[in-house]
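Two chains, two frames, a set of hints: combine them into the complex.
Going line by line, the protein sequences match chains A and B. Here the numbering used here is used: the first residue of the first sequence is 378, the next is one more, and so on. Here the numbering used here is used: the first residue of the second sequence is 104, the next is one more, and so on.
The set of hints was computed from the structure by calculation and includes no laboratory data. Take these hints with a grain of salt, some might be off.
To be verified - Selected chain A positions facing chain B (in silico; Cβ < 8 Å):
no., residue
1, R432
2, Q534
3, R541
4, P566
What the hints assert, rightly or not - Restraint ranges, calculated between C-beta atoms of paired labels, are given here:
no., chain 1, residue 1, chain 2, residue 2, range
5, B, D114, A, P739, 37 to 43 Å
6, A, R429, B, D311, 43 to 49 Å
7, B, D189, A, Q532, 50 to 56 Å
8, B, P230, A, D882, 51 to 57 Å
9, B, I313, A, E644, 37 to 43 Å
10, B, E291, A, Q585, 51 to 57 Å
11, A, T884, B, W158, 57 to 63 Å
12, B, S292, A, E584, 44 to 50 Å
13, B, D189, A, N462, 47 to 53 Å
14, B, D225, A, E644, 53 to 59 Å
15, A, E753, B, P294, 54 to 60 Å
16, B, D189, A, P535, 54 to 60 Å
No residue lacks a Cβ here, since even glycine has one placed at the ideal position from N, Cα and C.
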Amino acid sequence: MSLEEQLPETVAEGQSADELAELLGDLVIDRDDHVNAPGFVIRPDTVQDALRRLRDDAGFDHLSCVTAQEYEDRYESIYHLKKYNDPTQEANVIVPADKEHPVSQSAEPVFRTADWHEREAYDLIGIDYEEHPDLRRILLPDTWQGHPLSMDYDQDQPQIVSLREHANPLQEDQRSDSDSDTMFLNIGPHHPATHGVLHVKATLDGEQVADVESDIGYLHRCEEQMCQTKTYRHQIMPYPDRWDYISAGLLNEWAYARAAEDLNDIEVPEYAQIIRTMGAELCRMAAHFLALGTFALDVYGDFTAIFMYAVRDREEVQNILEDLTGQRLMFNYFRLGGVVWDLPEPREEFFEMTRDYLDRLPEHLEEYHDLVTGNEILQMRTIDTGILPPEVAKSYGATGPVARGSGIDYDLRRDDPYGYYDELDWDVIVKDGCDNYSRLLVRMLEVEQSAKIVEQCIDLLEDWPEDERNIQSNVPRTLRPDDDKEIYRAVEGAKGELGIYMRADGTEKPARFKIRSPCFSNLQTLPEMSNGEFVPDMIAALGSLDIVLGEVDR
Amino acid sequence: MSSQQHPFVTDDSKVLTETRDARLAGQDDRFNSRLREAFGSTPFILTKFDKFMNWVRGSSMFMLQFGIACCSIEMMHTYAVKHDLDRFAAGVPRASPRQADVIIIPGTIVSKFAPRMKRVYDQMPEPKFVIGMGSCTISGGPFQEGYNVIKGAEEVIPIDIHIPGCPPRPEALVYGVAKLQERIANGESSPVVVKPYELEQFGDLERDEIVEQLAEDIDTDDLVMRYNWGDSP
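Just chain B, same shape as in the assembly (with noise of 0.2 Å):
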């Protein structure tokens, strides 16, 4: 950029003479921004492909549009004026899952929404990472005794990042996301500790009371998710 201070303009026809000029002279200087400067001469920068992937994931996700409960309400707040995630280059709902990069869960996960919610997880391309939202989605938070209730959305997907709070505040949703680009930028991620629920056919499932009590109802070829809440936390 030249050291020239350039007045604003506002006259339209005296705009589109400059910038024809300019292209025309070949002095077009656009794409000349500070960042060049401080480049250096040199038009090559030298770094490892999989981190310069990593920070380029970080700095620009796409959340799926999805809400649940009550931290939804949080999170559409996050979402919308003042507190504006957009500003932190994770600002873009996207309805498809086929489109996002983040799942946040935002709620109480029950046993009739838990194949769902596995079922839009799988539809996420890869790399996909998910953020969980609030107490429930760590272990059911206050419903955690319920007979319905999932003990934490860890027991259906992966998660990367738990924001605690019920509901988390907007600035705990903020930070959370940006906890999560700054592991993603340097590569980092969750262990996976809990066995989850998985989506299998019913003709798979280990023949035993319950199957066969309901083997009249369900077709073998049909997917089902099979909950032992004896076993949970």
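Looking at chain A on its own, in the form it has when it is part of the complex (with noise of 0.2 Å):
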């Protein structure tokens, strides 16, 4: 491919391309790199061999996300790669599969988070993978017919769901088995503590949780479909502020901004950078407080001081971003090349409002901290509760808070820098508890750098000359990538690591949009913190994930 010599440097500071093709030697059978990363092509049935291969001796350890997709004449599956002590450098690994019978070996074995991401894949696309633990629908209903990212499906055709949940758990036929003394109980999908439409199956022997399985797919509204029957001027932008609704809607708008800068290279103007970073981390602030107020929910119980205090905060991060872009949840601010508009005027007022609120914002962390970190009730039901070992949570692929819990030193704002963010002064939380507690922590030290940065960005926007306020660079009005030309990109969203992998087609219109979210890995790992702990420390743990189903289903 062309784009060889536009290969990120970064890749030569650890293996180059060739050597990392050396280190795969003849399972290669041809090359296809991405914007962003080499890309190799490789036998349907080599897929474990090559994967332990780049994690055991190139050091590849972060599956970050697997994309399937189907063209006129195979299917594919892309295992995007990167290494969690520099996420520059990737490598992609390219899986061609029949597109009569579409198999391809699964990468479970090597990487435990490929089990959601290849039942994904044959949920949607309809790729077989063989030695798949349990290689079933997760996103759409079991009876679901057909595969609806696949090129000869139809929409119109009548589907059949089934409601075979609400079982009677004390009924006998609910016990795995007739001499085991276990229980079934059914958490959601309706239920105040799964954080939206989670559906929770728990396994109870006596008190302790013997097996939890998650059932997703309550939210699963087509966001995909949805980016790629859709223009990416203006037409995608509205949305990716619905994949994580709580209040993270510029953090998301950034992961599809970056990769859609990235795959038209289109520059983005230094102050606009400004901008889009102090309002990417009011986002942040904003879903950290929602985590917390409802993370004591979770542990304590019913609509207490804590989460109404909660939403107080959050109440006033939203009016400071209201003033900015004009809405309260669903911004739609950031455009390609840019933001839509510069800030309030007059800017003063805005200026003061925001140094207001960062002014009482320690005062109301410190009450926080009284209420929850400092009180010992929460520390009993927290500490040493749920425990995410680090290589554990590495092989599930978690990123964000719940890495950075365990000890897992994972920023991509630092990592791979994009924004401004390289240019301020702020550091990395990392808490090597891998409990609840220090999740929690972690996103409550995580409120106090983001005001960090806001502060520094607000000074530098006050300094801003007059007449270099320039809020978006010249874009085409319509955006025709060429064709087959494809780019993985990811920020750093409220939850963790929040990528977009597009393809070109050469229209205006990506041929495929996949989403890699942060909340889907992470959700993987409930099963490891939860088993062996008691129904309230499963449910703590839930929380601490901080997951929200419609970034989990998209």
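And the structure:
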């Protein structure tokens, strides 16, 4: 491919693309480099071999995403690999599969996270993964007919969905076998503690959780299909707001903006980057406040003071964001090449309002620490419960506060810099408790760091010369990236690594749009954290994962 | 109430004594509110029973704690500080549908969730009311073209009030709730115009191609919901 010379220079620091090809040796049957990383095409029966070599010998220990798609003549699975130490080092393993009988080897024995990713690929595209431990539908109901993102799917065909849940858990046939004394406990999809419409099937052995299975897909609203039927320039941007809808809209928009800007070689003016950075960090604060409030709700019970305090803080942040973007929740503020408009006039008022809030914040945080982290009851509930060891977290592709709470020093804002982050002074918060408490603590301390970033951005914006306030670069009205140009780009969302894979086909709409959701990977760790714990600890572990179902199901 | 204004008493022992004395002497005026004064000397009011019941229903609504998607974030903000839906006699979210009168549907309904939502709705005691919050419950909203999205909550359960917006602001939700209360108090109901998807036994479905295909996977007495996407608006 002609993109070889554009390979990111950082690959050279680790292994060059050719060195990796040499490592894979005769497994490589072709090369298909993407904008972000070299791509090695391998045969469908050598997936485990190739991934194992890349993981063990080259250090690619992070299977970030699995993208599946259908071409006119073949199916294809792409394994996007990264390194936790240095996420700018990337490699893609591309596995074509037969058009008639798409069969491919499963990567699950090498990376645990491939379990769900391949189930999703099977569900939506229809690729059959051999040796997969449990290949069945994950987002759509079991009785669904056809694979909706494959080419010959007829969207108008009728579907039948069954309702088999709500069986009496005490009935004899709900026991796992006749002489066992375990009990089946059904939680959700309508339940206050599941943070939306998650369905958890728990098997209890006495008071302890013997097994947990998350059943997702109750909010699968076809986000990928929506983006594939919309144009790059303006139509896609409103959708990211609705993936992680906990006020994290600008962070999501940035994920799309970053991928689309790199795909189309669009520059973003520095001034717009600062506004983006400020807005995104305000969103992160709001998202973490809700995580804190709902976690307290899960651990303490009904609408307690902490929840109300957290909502109070969110309201204040949302007021600032509303002044900036014109919306409370679904901002639609970024544009490719910048932001839609400048700061609100009078600017002084906006700066003053934001500064006022930041001045009050330390007092509020103190209050939270008194109520939450310093509280003995909460400590008893959260310290040493929901343990997630770092190696396990890595094998599941956990990112964000979940990974950083397990001592994994991984933050794309610093490790794969974008926006204005590398010019500012802030720290990545890492705690090595690996438990519910340290995940909570990471979020609370990250709020402080975000406030620090916002403060610096405001200083910069205030001093910015008036005639250099360039909020958008010149972007063509219609964007048509070259045919077969592919890219995977990620940003640090509120919940972790939010990545977008896009393949262009020469038209103004992406041929494939894949969302790598941090919550989807993080939620997979739930059984690891809760098996052997009590039921309330499982709820606390779920709360500390801070999932949002819009992003899990997409 | 006596015309004489009492100063606020802070001394506990004094309060106790005064209350006891008042009760012993039969001069307890706790129940003689200003409302009573307005009614005059008669202890009776004359109204229709239905009208009275509607007024009561509208004035004390228990909401179901029911979160689906983005709108539920704004719904939580409406319940919480600043907007405080409780001020409008509608702010006690109940976790169980058995205790709720009103269900706010805050988000997109997809094929897997619709049968569960229908079941939750069925579990609520009569009389029950439904508020559709956001564009997704009107038509599927921004996701209307999705292969998995129900084109509006009305295809599953009847809706009393639609609140447009993506998502509606908390003020809009408060306005919608107030409007619903007004309608309940007036005894109005919304006509159901859409033929809803029903939960039915698999054996009762008309046997066609898809039913034949699934005949091995689903028992005849399993409850199913059949989506005819081609007929959706």
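Evaluated hints:
Interface restraint check: A:R432 against chain B, minimum CB-CB distance 34 Å, threshold 8 Å, status violated. Nearest Cβ of chain B to the Cβ of A:Q534: about 7 Å, under the 8 Å cut. The hint holds. Given hint, A:R541 at the interface with chain B, holds; its Cβ is 6 Å from that chain's nearest Cβ, closer than 8 Å. Interface restraint check: A:P566 against chain B, minimum CB-CB distance 6 Å, threshold 8 Å, status holds.
Taking 37 to 43 Å as the suggested C-beta distance range, the pair B:D114 and A:P739 conforms, at roughly 41 Å. Between A:R429 and B:D311 the beta carbon distance is about 48 Å. The supplied range of 43 to 49 Å therefore holds. Taking 50 to 56 Å as the suggested C-beta distance range, the pair B:D189 and A:Q532 does not conform, at roughly 43 Å. Under the hint 51 to 57 Å, the C-beta atoms of B:P230 and A:D882, about 54 Å apart, fit the expected range.
For B:I313 and A:E644, the Cβ-Cβ distance of about 51 Å falls outside the hinted range of 37 to 43 Å, so the restraint is violated. The hinted window of 51 to 57 Å between B:E291 and A:Q585 holds, with their beta carbons roughly 53 Å apart. Between A:T884 and B:W158 the C-beta distance comes to about 60 Å, which sits within the given range of 57 to 63 Å. Separated by about 47 Å at the C-beta atoms, B:S292 and A:E584 satisfy the suggested range of 44 to 50 Å.
Between B:D189 and A:N462 the CB atoms are about 51 Å apart, so this pair conforms to the stated range of 47 to 53 Å. Take B:D225 and A:E644: their Cβ atoms lie about 56 Å apart, and the range 53 to 59 Å holds. Between A:E753 and B:P294 the C-beta distance comes to about 57 Å, which sits within the given range of 54 to 60 Å. Our hint of 54 to 60 Å for B:D189 and A:P535 is violated, since their Cβ atoms are close to 44 Å apart.
Violated hints, listed in ascending order, are 1, 7, 9, 16; each of the other numbered hints is respected by the structure.
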